Amino acid sequence: MYGKIHRCTVTQAELHYVGSITVDPLLLRAAGILPHTRVDVVNIANGARLSTYVIEGPSGSGVICLNGAAAHHFSPGDLAIIMAYEQVPLSQIPGRISRAVHVDAKNRIVAVDEYVTPALDDLGRPENNRLGQTYPLHRHGPADVPEPEACDSL
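Be aware that the sequence shown starts at 54, since it is given in our numbering, and climbs by one per residue.
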């Protein structure tokens with residue numbers, strides 16, 4: 054997981070739309086998630102989990118809208134987690150930074166946590182032998198969220 058929007062509030066569910074999840078681009082940029090990226094979305098209220106792709110909504114709107122068949126599993130007001138993943142060569146794992154964007158009830162950024170993956174031993178395991186363990190790197194408030202490197206080309 055390289056980016057997630059944690060405990061966001063679903064604002065809409067549009068059954069008669071061609072798939073996807075519409076997300077405020079301010080949230081996407083803070084998480085380092087590009088438009089059209091495949092994401093998993095989890096409904097905290099009912100446990101539903103699905104994969105779809107992201108499209109941008111209006112900037113600053115706080116929109117989180119499940120479109121198409123996904124709308125059967127989400128209702129406005131539900132809390133959700135949106136997660137993006139990547140596959141990278143083992144040699145590129147150490148030092149990888151992932152982001153968790155925390156929002157309030159109106160999907161405004163409250164904080165962004167950055168985590169770094171530790172160095173690996175010769176067998177590809179974290180040196181502390183805790184597989185998958187990441188370490189807190191930084192916590193940013195809403196006013197000082199740095200621009201993700203992955204979004205520089207936007």
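Derived by calculation from the structure, the hints in this document are not laboratory data.
One should not assume that every hint holds.
[Said to hold, decoys possible] List of simulated lysine to any residue pairs, SDA-like, C-alpha gap at most 20 Å:
#: 1; residue 1: 159; residue 2: 59
#: 2; residue 1: 159; residue 2: 128
#: 3; residue 1: 159; residue 2: 71
#: 4; residue 1: 159; residue 2: 130
#: 5; residue 1: 159; residue 2: 66
#: 6; residue 1: 159; residue 2: 72
#: 7; residue 1: 159; residue 2: 136
#: 8; residue 1: 159; residue 2: 60
#: 9; residue 1: 159; residue 2: 104
#: 10; residue 1: 159; residue 2: 90
#: 11; residue 1: 159; residue 2: 98
#: 12; residue 1: 159; residue 2: 139
#: 13; residue 1: 159; residue 2: 91
#: 14; residue 1: 159; residue 2: 112
#: 15; residue 1: 159; residue 2: 55
#: 16; residue 1: 159; residue 2: 142
#: 17; residue 1: 159; residue 2: 64
#: 18; residue 1: 159; residue 2: 138
#: 19; residue 1: 159; residue 2: 115
#: 20; residue 1: 159; residue 2: 122
#: 21; residue 1: 159; residue 2: 75
#: 22; residue 1: 159; residue 2: 116
#: 23; residue 1: 159; residue 2: 132
#: 24; residue 1: 159; residue 2: 70
#: 25; residue 1: 159; residue 2: 89
#: 26; residue 1: 159; residue 2: 69
#: 27; residue 1: 159; residue 2: 114
#: 28; residue 1: 159; residue 2: 193
#: 29; residue 1: 159; residue 2: 67
Every value quoted in this text rests on a predicted model; they were computed, and no experiment measured them.
Each hint, compared with the structure:
no.: 1; hint: 159 x 59; in the structure: holds, 13 Å
no.: 2; hint: 159 x 128; in the structure: holds, 15 Å
no.: 3; hint: 159 x 71; in the structure: violated, 25 Å
no.: 4; hint: 159 x 130; in the structure: holds, 10 Å
no.: 5; hint: 159 x 66; in the structure: holds, 16 Å
no.: 6; hint: 159 x 72; in the structure: violated, 23 Å
no.: 7; hint: 159 x 136; in the structure: holds, 19 Å
no.: 8; hint: 159 x 60; in the structure: holds, 11 Å
no.: 9; hint: 159 x 104; in the structure: violated, 23 Å
no.: 10; hint: 159 x 90; in the structure: violated, 23 Å
no.: 11; hint: 159 x 98; in the structure: holds, 17 Å
no.: 12; hint: 159 x 139; in the structure: violated, 28 Å
no.: 13; hint: 159 x 91; in the structure: violated, 24 Å
no.: 14; hint: 159 x 112; in the structure: holds, 13 Å
no.: 15; hint: 159 x 55; in the structure: violated, 23 Å
no.: 16; hint: 159 x 142; in the structure: violated, 37 Å
no.: 17; hint: 159 x 64; in the structure: holds, 9 Å
no.: 18; hint: 159 x 138; in the structure: violated, 25 Å
no.: 19; hint: 159 x 115; in the structure: holds, 6 Å
no.: 20; hint: 159 x 122; in the structure: violated, 24 Å
no.: 21; hint: 159 x 75; in the structure: holds, 15 Å
no.: 22; hint: 159 x 116; in the structure: holds, 9 Å
no.: 23; hint: 159 x 132; in the structure: holds, 11 Å
no.: 24; hint: 159 x 70; in the structure: violated, 23 Å
no.: 25; hint: 159 x 89; in the structure: violated, 23 Å
no.: 26; hint: 159 x 69; in the structure: violated, 24 Å
no.: 27; hint: 159 x 114; in the structure: holds, 9 Å
no.: 28; hint: 159 x 193; in the structure: holds, 19 Å
no.: 29; hint: 159 x 67; in the structure: holds, 19 Å
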